Amino acid sequence: MSSPAVSFENVAFDRAQRHILNRVSFEIESGEFIGIIGGNGAGKSTLLELIIGTLVPTSGRIRVFGEPPHSARGSIGYVPQRIELDPDLPLRARDFVGLGFDGAHFGLPLPNANRKAKVEEALADVGALALADQPAGRLSGGEQQRLAIAQAIVGRPKLVLLDEPLANLDLRSSTEIAALVARLGRERGMTVLLVAHDVNPLLRVMDRVLYLAGGRAALGKVDEIINEDTLSRLYDQPVDVLRVRGRVVVVAGDETHQ
Amino acid sequence: MSAFFSSPSVDAALVASTIVAALSAAIGYFVVLRGLTFAGHAVTDIGLTGGAGALLVGLDPLFGLLAFSVGAAAAIGVFGERARERDLATGLVLSLALGVGALFLHLQTTFANAQTSLLFGSVFDADPALLRVVAILAALALAALAIMYRPLLFASVAPDAARSAGVPIRSVGYAFLLIMAVAVAETAQIVGVLISTALLVGPAATAIALVRDPLRGVALAMLIAIVEAWVSIALSFASFGWSAGAHSWPVSFFVAAIALVVYVGASAFRDGTAS
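Heads up: the sequence lines are chains A and B, in that order.
Note that our numbering has the first sequence beginning at 1, numbered continuously upward.
Note that our numbering has the second sequence beginning at 1001, numbered continuously upward.
Chain B extracted, bound-state conformation:
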């Protein structure tokens, strides 16, 4: 245990995962409420293409992830007025982007390691300089969410009433997609593109199943996400030697598995108490 807390890479991992878990869960609460899970996952996958492109030209993948995620969210916001159209537009853009991403990863042959961490995360080797960027962006995204919290909630649960009360529901929805893009790009950078959706919607859906009070729900989602991330890191650290070969199990595996188990448990609990 003392080895766990004295390791600098564990410290960095705890800091990085706390930031992205809190951010993901808070944004994820509204992703679930607005039925945007698919769009959220698609934005992450499109971000992958950006990350792979950034690697190809020798930049840090975070910047590619950010650029492509925000671009994808903007496109989804413009083309996807209605839910049906949004899913269609999202699906088509997603396929194209993944194809291009596969091409970039294929062309980029020098950093096989970087590819793996793009897909599956690199919690233990977050660069401190990058961590500062991640922290600043997360703080800005959370501040933006706090500012638009009430109009966003109103627009999400009662759009017609919100519109008549003067809430610009389209602009609010658009602004939210952009904030979501920043959150998923950052989360993808830390826990990997393929798993970040688990952190985005898992703790949020759990909190929604447990608490019927939106502000407490957001706080609970953030707490659940942070605890899940820490437990995942501890389990990954402890897993060294669980299987053949001298390596630990990936943090991302534990994040995804725990998010699912906790959510299934919470919804079973809700269904048990609701009847």
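This is chain A alone, in the form it adopts within the complex:
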């Protein structure tokens, strides 16, 4: 039996005397598409940084493919929050994506057919091959998002982490990006963890949802987690789950999530 893609065992993370994560445990299987949902400050981005190893837990144990996070770095692709490239950035789309292939290596980039093929494959996979020679900074927000995804997958990672890739996108673009990421995960056999504050664009594509609230986490199928019983227990207060015109809205105290 191979080890899970990501496992958390009693992981706690404190910042400024606050428990961002409080003894969280879960296991994510290889090849799953997980949506990470929660309100502002619920610890969604922190969770991703713990998996990458740029943050270290206060206590508990994290394993990525059975290894400590810093050893697994080479098998993780990461799409950071808020990608907004300078309009005058002197890079073409292909240069920007290429950084994900060998940007951490020393020395000048020598012409390399393998690198070019891998970059073009990643661009094609995100539907941006036609943009390869366009200035990256002049592309739209949705197009830049695709480039960031291409940059994260060009090195053939086994695990991809995406931090709020759907924020600032209209409903149509966010549904498209969610579907695109799900398809890439299947085709390339990658485990995908996608952070979002809105669960709706992910309802059809994710295998399971990891819901974060009050420093705790609940992992399961959408119907097992997004219901009034489970979320009321997680938030430790009464929660309403409304279904309006095929959309899910969670109302917890003064917080509302769509």
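Quick caveat, the hints were computed from the structure, so don't treat them as lab data.
Possibly wrong hints are sitting among the right ones.
[To be verified] Each computed EDC-like pair below joins lysine to aspartate or glutamate, with the alpha-carbon atoms no more than 20 Å apart:
1. LYS118/A with ASP1213/B
2. LYS221/A with ASP198/A
3. LYS158/A with GLU67/A
4. LYS116/A with ASP1213/B
[As the list claims (entries may be wrong)] Some chain A residues flagged as far from chain B (calculated, every beta-carbon gap over 10 Å):
5. ASP14
6. PHE65
7. GLU67
8. GLU143
9. ARG172
10. GLU228
[What the hints assert, rightly or not] Example chain B residues on the side facing chain A (calculated, C-beta under 7 Å, incomplete):
11. ALA1146
12. PRO1151
13. GLY1166
14. ILE1208
Since we're looking at a predicted model, the values are computed, not measured.
A virtual CB, placed ideally from N, CA and C, is assigned to each residue, including glycine.
We have chain A; now place chain B onto it with these hints.
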């Protein structure tokens, strides 16, 4: 024209300016990309204090320039985590250093000529022994830049992704500031403290406006800088007698003027083609 090429001081000027132009432009490409123009200029100005101090104690100004520039870059790197803090820290340290520099220049009364060349450059009277030092340091700085080229580019355009890919973005930024300090100190020694920023960011900004391919951009910036420096030297040589009094116009004037004109032309061209 034959007088131009047969003059040994012109030869020395061409060699010296080629070295510092190539170095400045290559480093300058990343200075522009990382939004460090102000820090770059401040490091040069702080270097002035070092240069003036070196003159005061009878050393070659290059060593003072180098020591103070590198020290200033190190301080900016330590105190300036975020861009805002960096500008603040830079501004404060800069004022202090310029004040001390003014004091040194005031106390140092014997070499008025040396003061002028510190501020405005001395392309035509570069000492051959010093030129060797300049060449070796430039080669080392360019080699360091080539080694860190990819991580530096990654850290400059996508810092969060670079960090997650294992690029030590803080160390990379710090190392770059130190290399930049060496480049600006050398450039200041040749074209003068007040003008070296023109050579640092002018050709780089021009190349960035014209070419969207980083490696070609760096190469183009170096080429533009070398051509600008040569044209400046030729114009300075030719300018003998343009104005009253038997002297040429300073090379530094032409360097600064040409750098600005070429950049304005290139960005107008870019804006014309972008729409």
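Results of checking the hints against the structure:
1. LYS118/A with ASP1213/B: 18 Å, holds
2. LYS221/A with ASP198/A: 16 Å, holds
3. LYS158/A with GLU67/A: The given pair, whose Cα atoms are some 13 Å apart, holds under the 20 Å limit.
4. LYS116/A with ASP1213/B: 14 Å, holds
5. ASP14: ASP14/A clear of chain B: closest Cβ-Cβ about 22 Å, beyond 10 Å.
6. PHE65: Given that every Cβ of chain B is farther than 10 Å from that of PHE65/A, nearest at about 16 Å, it holds.
7. GLU67: 14 Å, holds
8. GLU143: 15 Å, holds
9. ARG172: 26 Å, holds
10. GLU228: 36 Å, holds
11. ALA1146: 5 Å, holds
12. PRO1151: 6 Å, holds
13. GLY1166: This interface hint holds because 5 Å falls under the 7 Å limit.
14. ILE1208: Nearest chain A Cβ about 4 Å off; hint holds.
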